[in-house]
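Asker: Take a look at the letters that make up each chain.
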Amino acid sequence: MALSTSLRSNLIKPLTALTALSSTHRLRSPFSSSADDATVLTIETSVPFIGHNCEPPSRNVETTPKELLGFFHDMALMRRMEIASDSLYKSKLIRGFCHLYDGQEAVAVGMEAAITRRDCIITAYRDHCIYLGRGGTLFECFSELMGRQSGCSKGKGGSMHFYKKENGFYGGHGIVGAQIPLGCGLAFAQKYSKDETVTFAMYGDGAANQGQLFEALNMAALWDLPAILVCENNHYGMGTAEWRAAKSPAYYKRGDYVPGLKVDGMDVLAVKQACRFAKEHALKNGPIILEMDTYRYHGHSMSDPGSTYRTRDEISGVRQERDPIERVRKLILSHELSNEAELKSIEKEIRGQVDDAIAQAKESPMPDPSELFTNVYVKGFGIEVAGADRKEVRGVLP
Amino acid sequence: MAAIFQGIGAAAALPSTEKFHSQSRRFVSARKGSLFVVRSDGRPSLGSSPRSRGAQHLITNAVAAKADASATSTASKPGHELLLFEALREGLEEEMDRDPRVCVMGEDVGHYGGSYKVTKGLATKYGDLRVLDTPIAENSFTGMGIGAAMTGLRPIIEGMNMGFLLLAFNQISNNCGMLHYTSGGQFKIPVVIRGPGGVGRQLGAEHSQRLESYFQSIPGIQMVACSTPYNAKGLMKAAIRSENPVILFEHVLLYNLKERIPDEEYVLSLEEAEMVRPGEHVTILTYSRMRYHVMQAAKTLVNKGYDPEVIDIRSLKPFDLYTIGNSVKKTHRVLIVEECMRTGGIGASLTAAITENFIDYLDAPIVCLSSQDVPTPYAGTLEEWTVVQPAQIVTAVEQLCQ
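Protein chains in written order, with the UniProt record's numbering: chain A, 1 to 398; chain B, 1 to 402.
In case anyone wonders, no lab produced these hints; they're calculated from the structure.
The structure displayed is predicted, hence computed values, not measured ones.
Just to be clear, a hint being listed does not mean it is correct.
What the hints assert, rightly or not - Covered by chain B, per the in silico footprint, the following chain A stretches (three or more residues, Cβ under 8 Å): (1) 149 to 158; (2) 170 to 182; (3) 211 to 222; (4) 371 to 378.
As the list claims (entries may be wrong) - The calculated lysine-lysine pairs, modelled on DSSO-like cross-linking and capped at a C-alpha distance of 30 Å, are: (5) 165(A) <-> 317(B); (6) 317(B) <-> 329(B); (7) 66(A) <-> 344(A); (8) 317(B) <-> 258(B); (9) 194(A) <-> 120(B); (10) 304(B) <-> 329(B); (11) 125(B) <-> 284(A); (12) 284(A) <-> 92(A); (13) 92(A) <-> 379(A); (14) 258(B) <-> 117(B); (15) 329(B) <-> 299(B); (16) 379(A) <-> 317(B); (17) 194(A) <-> 125(B); (18) 165(A) <-> 66(A); (19) 165(A) <-> 284(A).
Quick reminder that beta carbons are idealized off the backbone N, C-alpha and C, glycines included.
With the hints as constraints, model all of the structure from the sequences given.
Answerer: Structure (structure tokens):
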């Protein structure tokens, strides 16, 4: 089920007990503390946006209590899922490659808040949370990770190949950088069909040095494709720090003639503002690059401890100062939209949901052996068969 | 066998511009006779569904422009004459008219009209977005085509020379071939990747590559090779209509072949082989340009008293083991003539496939004539020696039939 529906059902009950409290801060209007959608809060992002060849958007982001609580819930769910995946991997229920997204949740959640399901998102292999944000369920996630038939790709894709076509999530790609031309292709199709939607093609700081990125960027700029290239800069390309791989780690400037924006990727409101700005820009003027300054707590993947190329102090430092969930928690508490106990109960509920989904996925069946040969071709080889008498004959081959 | 020669010679007018061409023309019209019955019933050994089409059981599709006239022979029907690149263009144009989602992208396909004139005039007719001139960035424009196909468009990606598509190998292998599988069936990739390949006239090593062998292991794609204007148009249309990604291999030296093709619309099957010349003594399997070398050798062979059966396999992946198998069962000897390299080429796979399936029917080991495992040299004489020549085919058949 979608994150938002569970949110509504969970949060309305506990919060009716809270009394209304007035605010004494500037820039914030008086509000009632229930999870309502009507009160508008204007919150300043912690770090200003830096623009390249464009005017950055304002630091003041409008949001509502309901949206903030939604952010908290969604990010906590993603965090919990990734941590649960960690333990599943260690107990060998998930094999192969498993790239975890914890620390970067703000990018997925903030982006969703700014766009619709008709806009497309395509990303690389660190895709579990983005899949969840696009409307995937925990059960489908865990089933796919454990290779079960009920997984989102029928167990045949694995961790790096989550897709949800009907919600505009185009995956899920294992080869670094190869998804960027695909993303420009999605944008090309959107322009061809005159959809007025955009594509967010996400990649990392490691992929930012790929030639195909610049090729795709050139084409997107040449034809004004509505493509937004989002560099999730977590500062490490597997084991190599960004300053050791790139002469110019200012990835938002690397587009040269393509405008860019540097965003604090640990601040969900900044991400939301940037994505909204980028969508407007892309529909009018063509491609734009967003560099999300973010961080991952885990190593590159489960086979990487993550501490050989960075210090534990650095990791815990970021966790203390910039953690996206803590930031939203502080916002919620300081604006008195909820209290500690309620937030803790949300987290407890999430933990329960995740555990249930894992239990359910563990029970679900592995794919049938006949599935080995399905979906190699569409409908087997079944296409029209014409004979030598030069007529179109339709016969369907298996 | 002599009877067939005379019969065809009388029936067909042969406006040929090339020596090779006249050979193929003759047997194209012969296809309408008994050959059709041979192929029409039963199943390819790969699949298992019954495909019952005899000459009497044709299920004509509403798409065919004229519903009748299945009995009249091709030779008497007006048809129109054109060159192979024009046939490709005709097929492309008809499909673009039929389905607005079909688009073309490649280097110099738009305003320039295509380096081999296959897309000439299309940009003026359909606009710059539908016939897209891309920068020289094969990896990413192939990726773009695949991304567009994921949403439902049907792009045709042209590689100016097949060799350049090596730069896009990652996109073709991982994204094009495998996305349907790794997404559990969510995405279809109905792209057509086409372009000229093969050894030309002293084009040099890098521009004379045969990529069939590199692509053949990619799961999820289909490969076809066209050799005549008739099958070029039919295969182009079939490839565009197919929901699977198809790689259509054309040959640089075949673009100016002339043939008379029917006016009415027709679509060929992507998985069928073409019986070029029926025979009794030996089965010669070939495709693309080597078909013409084989037919030239066949003239010599016939004069020497041999009766080769020539099959243009057309479908390089999957192989039409049904047609091939029937032929092997009849002749018991197989000669494969291809332009691919000896190591790991299409011939090597075909040899393995035939041996696995039809070993009991073979009277002699399969002989495979392929190009030498060398980069194609520039010098004309050396280049001639890298590819299979008709004289070598004659010798091989003589040895095989001892």
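Asker: It remains to establish, for every hint, whether it holds in the given structure.
Answerer: Outcome of the hint check:
Coverage of a stretch by a chain is defined here by at least three residues with a beta carbon nearer than 8 Å to that chain's beta carbons; for the segment 149 to 158 of chain A and chain B the count is 8, and the condition holds. Under the rule that three or more residues need a Cβ within less than 8 Å of chain B, the assignment of the segment 170 to 182 of chain A holds, with 10 such residues. Counting residues of the segment 211 to 222 of chain A whose beta carbon lies closer than 8 Å to any beta carbon of chain B gives 7, which reaches the threshold of three, so the coverage claim holds. Counting residues of the segment 371 to 378 of chain A whose CB lies closer than 8 Å to any CB of chain B gives 5, which reaches the minimum of 3, so the coverage claim holds.
Proximity of residue 165(A) to residue 317(B) is assessed by CA-CA distance (about 28 Å); at most 30 Å being required, the pair is judged to hold. Distance check on the hinted pair: residue 317(B) and residue 329(B) sit about 22 Å apart at the alpha-carbon level, within 30 Å; holds. Proximity of residue 66(A) to residue 344(A) is assessed by CA-CA distance (about 17 Å); at most 30 Å being required, the pair is judged to hold. Annotation: proposed proximity of residue 317(B) to residue 258(B) holds, straight-line Cα distance about 27 Å (limit 30 Å).
For the hint pairing residue 194(A) with residue 120(B), the CA-to-CA distance comes to about 26 Å; that is within 30 Å, so the pair holds. Proximity of residue 304(B) to residue 329(B) is assessed by CA-CA distance (about 23 Å); at most 30 Å being required, the pair is judged to hold. Under the criterion of a C-alpha separation no larger than 30 Å, the hint pairing residue 125(B) with residue 284(A) is consistent with the structure, at around 27 Å. A distance of roughly 48 Å separates the Cα atoms of residue 284(A) and residue 92(A); the hinted pair therefore is violated under the 30 Å criterion.
Between the alpha carbons of residue 92(A) and residue 379(A) the distance comes to roughly 34 Å, so the proposed pair goes past 30 Å and is violated. Of the supplied pair hints, the one linking residue 258(B) and residue 117(B) holds, its CA atoms being roughly 15 Å apart against a limit of 30 Å. Distance restraint check for residue 329(B) and residue 299(B): the Cα-Cα separation of roughly 24 Å lies within the 30 Å cut-off, and the hinted pair is therefore satisfied. Of the pairs offered as hints, the one joining residue 379(A) and residue 317(B) holds, with about 16 Å between alpha carbons and a cut-off of 30 Å not exceeded.
Taken as a hint, the residue 194(A) and residue 125(B) pair is honoured in the structure, with Cα atoms around 20 Å apart against an allowance of 30 Å. Only pairs whose Cα atoms come within 30 Å are accepted, and residue 165(A) paired with residue 66(A) is accepted, the gap being roughly 28 Å. Annotation: proposed proximity of residue 165(A) to residue 284(A) holds, straight-line Cα distance about 26 Å (limit 30 Å).
When each numbered hint is compared with the structure, violations occur for hints 12, 13.
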